Amino acid sequence: MPMWLDELSAQRSQVDPDADDPFAPPDPRVGTIYLIHLRKRMGHAQHYCGFTTDLKRRIKTHKAGGVHAARLLAAAKDAGITWSVVATWTGTREDERRMKRNNDLARTCPKCREKVLRRKAAQQRRVYAARKAAEECVPVST
Numbered sequence: 001m002p003m004w005l006d007e008l009s010a011q012r013s014q015v016d017p018d019a020d021d022p023f024a025p026p027d028p029r030v031g032t033i034y035l036i037h038l039r040k041r042m043g044h045a046q047h048y049c050g051f052t053t054d055l056k057r058r059i060k061t062h063k064a065g066g067v068h069a070a071r072l073l074a075a076a077k078d079a080g081i082t083w084s085v086v087a088t089w090t091g092t093r094e095d096e097r098r099m100k101r102n103n104d105l106a107r108t109c110p111k112c113r114e115k116v117l118r119r120k121a122a123q124q125r126r127v128y129a130a131r132k133a134a135e136e137c138v139p140v141s142t
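Residue numbering for the sequence shown is 1 to 142, as defined by this note's numbering.
Among the hints, a few may not be true.
To be verified - BS3-like cross-link-like pairs, simulated, lysine-lysine; straight-line CA separation at most 25 angstroms:
{"no.": "1", "residue 1": "K63", "residue 2": "K77"}
{"no.": "2", "residue 1": "K40", "residue 2": "K63"}
{"no.": "3", "residue 1": "K100", "residue 2": "K115"}
{"no.": "4", "residue 1": "K111", "residue 2": "K100"}
{"no.": "5", "residue 1": "K132", "residue 2": "K100"}
{"no.": "6", "residue 1": "K40", "residue 2": "K56"}
{"no.": "7", "residue 1": "K132", "residue 2": "K111"}
Worth flagging that the hints you see were computed from the coordinates, not collected in a lab.
These numbers were taken from a predicted model, which means no experiment stands behind them.
Just need the whole structure built from these sequences, with the hints factored in.
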């Protein structure tokens, strides 16, 4: 049974492109999320998270400094602070925004993770101890 041209087009648009097809157009929504660790803190910041579709080009831009580099990394360059890319993930710009909103990049940094987890565990122990002490001080009415 012959199909109309618009039906064929509709079927073709529903088929996912082959991931191994070198001629398939790149999906602009998917790229690389990267995490940069600064050797020394810049104010309150020691990490920078970014998104790009061309990681090598973006890292070169950051290293060069100037107007197209992230402000934090340009300031780090001016201050003589070195940095390195410590982690990369495949994801979308929305994933990068979610990581930034989570406001806990140090936990995802391989260089800082253990220190952060130890600090958070100690904080939880202090909260637990304070709660237990408060329970012991409350008089129980009979």
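Evaluation of the provided hints:
At most 25 angstroms may separate the alpha-carbon atoms for a hinted pair to count; K63 and K77 meet this at roughly 8 angstroms. Proximity of K40 to K63 is assessed by CA-CA distance (about 16 angstroms); at most 25 angstroms being required, the pair is judged to hold. Between K100 and K115, the direct Cα distance comes to roughly 20 angstroms. Compliance with the 25 angstroms bound is thereby established for this hinted pair. With a C-alpha separation of about 18 angstroms, the suggested pair K111 and K100 falls inside the 25 angstroms cut-off, and the hint holds.
In summary, the hint linking K132 to K100 is not supported, as the alpha carbons are separated by about 35 angstroms, beyond the 25 angstroms threshold. With a CA separation close to 23 angstroms, the supplied pair K40 and K56 stays within the 25 angstroms bound. About 34 angstroms separates the Cα atoms of K132 and K111, which puts this hinted pair outside 25 angstroms; it is violated.
Against the hints set out earlier in the document, violations occur for numbers 5, 7.
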